[in-house]
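Student: Each chain, letter by letter, is given below.
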Amino acid sequence: MAETFEPKITAFVCNWCTYAGADLTGTSRIKYQPNVRVLRLPCTGRIDFMLLAKAFSRGSDGIIISGCHPNDCHYTSGNYHARRRWMVYRDLMDFMGIDTERITFSWVSAAEGAKWAELVNEVTNKLRAMGPYVEYKEMVAAGVE
Amino acid sequence: MSDQNIYLPYLMRIAKITEEAPNVRTFRLEFVDETAAQSFDFHTGQFGLYSAFGEGESTFCIASSPTRKGYIECTFREVGRVTGALADKEVGDIVGFRGPYGNIFPIEQWKGKNLLFIAGGIALPPLRSVIWNCLDLRDWFKDITIVYGARTVADLVYKHELKEWEQRDDVNLVCTVDPGGETPDWTGKVGFVPPVVEKLAPSPDNTIALVCGPPIMIKLTLPVLAKLGFTPESIFTTLENRMKCGLGKCGRCNTGKTFVCKDGPVYTLDQLNHLPAEY
Amino acid sequence: MAETYHLPQASLDPLFSVILASGRRILAPTDRDGRSELNPVTSPAQVAKDYVQTALSAKGTVFPKVEKLLSYATEPGKVELTDPVPNALPTVLFGIRPCEAAGFQALDAVFNWDYRDKFFNARLEQLAVIGVSCTRKDDACFCTSVGGGPGAVKGSDILLTPMEGGYLAEVLTEKGQALVALAPDLFNPGNGVDKAKLVVDVPAAFDQPALTAKLPALFDAGLWADQALRCVGCGACAFVCPTCVCFDIQEEADPRAGRRLRIWDSCGYHMFTLHASGHNPRDTQGQRWRQRVYHKFSYYPERYGMLGCVGCGKCTRACPVDMNLREHLVEASQAQVKP
Amino acid sequence: MELREKAKQLLESGAVKAVLGFEAGTHGRRRPLFARSAEAAGRLVWDQGCEQNLASYVTRKEVKRLGRMAVAARPATLRALLQLMAERQIKEEDVLPLALDDAGQVTELASAQAIEERLALEPQQIPAKDRELMDRLKAMSRQERFAFWQGELSRCIKCYACRSSCPMCYCGHCTMDCNRPQWVPVPSHALGNQEYHTVRAMHLAGRCVQCGDCGRACPVDIPIHLLTFTAEESVHAQFGQGAGASAKLDYALSTFRPDDKESFIR
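Residue numbers (the working numbering), protein chains in the order written: chain A, 107 to 251; chain B, 12 to 290; chain C, 449 to 787; chain D, 817 to 1082.
Derived from the structure by calculation, the hints contain no laboratory data.
If you're wondering where the values come from, they're calculated on a predicted model, not measured in any experiment.
C-beta: ideal position from N, C-alpha, C; glycine also.
Any given hint might turn out to be false.
[Said to hold, decoys possible] Once the Cα atoms are required to be at most 30 Å apart in a straight line, the calculated DSSO-like pairs of lysine-lysine come out as:
1) B:27 / C:786
2) C:526 / B:230
3) D:880 / A:232
[Stated by the list, open to error] Here are some chain B residues pointing at chain C (derived, C-beta under 10 Å):
4) 26
5) 226
6) 235
7) 261
Produce the complete structure using the sequences and hints provided.
Tutor: So this is what it looks like as structure tokens:
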């Protein structure tokens, strides 16, 4: 039997909406694919772009970033600030040739347990089709004599 | 002939951890490898690079005396990446050690002399190695005087040993804390180290002075010793410039034509007077 | 041991072929997008035609910018160390300039005084240098002021000096002889040419022994801080320098495994000497610039009996603010020592 | 008035302690000159070769010690000075920018407002050569772009000439120097270089005055300025503000508008 590739996905989620939403997915007994490792942070505003770089360099094939919908931030405006940062970050990453298709941004509220499951499934299927992020892994190993 | 990898550390097991002062710990380290333990030897004044695997290496003196076999000790304050990681270690954990490196205190040449130790704060550890070395060879020397100061009573390191030295009648220990650093039950002196030394007025005759402390303490103590009549050749100190290799190669500790890691860390004041003040 | 031959231009192609066939790689200056840099080549046609110097020095062949010193695996209560074998490829460096070739001896002095550095030695052992004398120079060059010259042989195993129809080839070491032995027929008997007439003239800019003698007295002179005012404190000069050897050791690890890497470092950085206490022995850029000059021109001679500078001028060319080493040394040479 | 004459006047009157401009250097290059006497002011030159953004010096401690300083300024230098004022790194009265026109005539710009007005006359443009390369890169496939940057960055030796030359890289303790934790690898291996240049470009987004000095400083000619240019253009295109436009500019990434438009968040 040929081994199918299973992507490793790191999800950075905010404590107040998406983490609670993902919790609801579980308590609602909605099943979704097990490829995602969830890291909880206080707010999307805290998700520094360096965390994403670290996730890729430690072997993630894809990344999910998710937090409260606009206007719903527990800290009023953390997600608005985050949104600006991601708008610039994506442009820069694209210019540097980083595969932004592997980075998914979304708003998942504490009530959207089903959306979380749907999001993870969709991202997992997409990354499974894309295959491992070989370029990045090769880069991580390069340049040491 | 193939060369050895000079950057490979010994593996050491932490045998004992002593909390000395806020954020200051002493590790007792034993060699994991028995043959290394047998062949290892050092002299007082030498130092090593201690590694916390995962974070890197940091330079401290060997704070124990070479007369105490089977282990080495180091005392460090938690200030950065490596010392922070070391501080998280527990008894039984493995750390790395490279050394011994550097020159030594020439205690054999001091036979028959009086010794005056002057230390401030976290700078007692390098002198502690010499002190125990000399106390274990007590009949080599005449009077032994130790002046030790810290900012506060809590910041004094080796509190148990200070007590031991205080109780010995062959050691004259003078402890002092900076004004405001005393506790209600403090029986030692209150005041900065330089004036305490000045008041104590140790005789320079046939005496070797060993000074180690923060730069400001050294800077203010040296004139006091000069006034008391100590010659630059009779005053010793130990430097600790930033180092990465300890082997005279990485270039960080370069001060004038010397490498602190090779030509130091022990210098006489006379030698320092001929070096640029880049330490 | 020098033996002199004539190497016809047409012999270069077969010489490259036999060197490659012997399992050695050839690194030579290439000209890509107007940048002169060392790259692996397979034929003389790929070698840059018209260069004074490459931007980076060849020191990376023996002292790479990132090099593994050790690795380890950890689990609770246990550490397993691995001593890496340096990946030292048999290499011929073709076409570097005599100044740069001389630089290897300055590196050797540091890496092998007292403790011997196995990583450096393994790489140096595998390296043979075919230098090419200079027929061009620029404003940054000052090899003749520091004991070298456009046709100096020190550090090369074979030195080629361009001449009519090919090269004057001086075979200087056993490594050089081993290369000749790969294809002795390519080398014709020498014909007594005057090398001095073939190379460019680089007049001496200052009296180095006099400068070295004077530096201790100039230590507290204001000129170092004045010169360094425009220095931005980057490490470009040190990193392109063929003799700058200062390094850092960095650790990279995850919870289960890690490695220690040796990387280039520079005395020009503020962090280079910064103590954990916050005290910095060389706190200003002037002090750090002075350290760079003194290390090369005062401490090196005292310690190793040689200069830590070969006069290649790479630092000057690399400097974003034109800190011209030669000019600054001339200024120091002319400075009055205060009694 | 011409630069030398103006500098002499300012120094002799005591209005400034130093005039920061350019002098002739090696190989026809121009290099910074800190003219502290009327005599030294005689060495000042001004021409197309005077490209460096001298604003990078005004935050350096050794330079600050010289006292109030006049700075010979190109438009990018003026933008950098305004941005430094906006970021509260210098005060209006710390420096006296001397704007020079093509004919070498000096205008003193004694206030932030004067700088802003002068800049309004100078349209900000990315040099044609850089624009051409940026367009060429954008036309490539993503994989080609990745290969391009990996090839370029493989030459990086992390000498930090880019950081040291940048007028906006004034941080006393740069992220790159922080090691608890060590986020960015220090070695200049492929990952270390990739992350360093990502961090630098991101930290300059909304702050880069597009002088291009980082790229000019690079000893191995990596067009590193295109990264900060791109981040800056992204800010400008999406949030409508450019670094160095005013001494009262809010940092684009520490503010927001509820209606910021994006198309990628689900």
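Student: Can the hint on residue 261 of chain B be confirmed by a CB-to-CB distance to chain C that is less than 10 Å?
Tutor: With a closest approach of 5 Å, the residue 261 of chain B hint holds.
Student: Is the interface hint for residue 226 of chain B satisfied, with its Cβ closer than 10 Å to some Cβ of chain C?
Tutor: 6 Å, holds
Student: Just to be careful, I want the Cα atoms of residue 526 of chain C and residue 230 of chain B compared with a cutoff of 30 Å; is the pair within it?
Tutor: The given pair, whose Cα atoms are some 44 Å apart, is violated under the 30 Å limit.
Student: How about residue 235 of chain B: closest beta carbon in chain C under 10 Å, or not?
Tutor: Because about 21 Å separates residue 235 of chain B from the closest Cβ in chain C, which is outside the 10 Å limit, the hint is violated.
Student: What's the verdict on residue 880 of chain D and residue 232 of chain A, does the C-alpha distance respect the 30 Å limit or exceed it?
Tutor: This hinted pair is violated, its Cα atoms lying about 55 Å apart.
Student: With a cut-off of 10 Å, does the beta carbon of residue 26 of chain B approach a beta carbon of chain C closely enough for the hint to hold?
Tutor: 13 Å, violated
Student: Holds or violated: are the alpha carbons of residue 27 of chain B and residue 786 of chain C at most 30 Å from each other?
Tutor: Violated. Residue 27 of chain B to residue 786 of chain C sits at ~57 Å, over the 30 Å cutoff.
Hint compliance for this structure: hints 1, 2, 3, 4, 6 are broken, all remaining hints hold.
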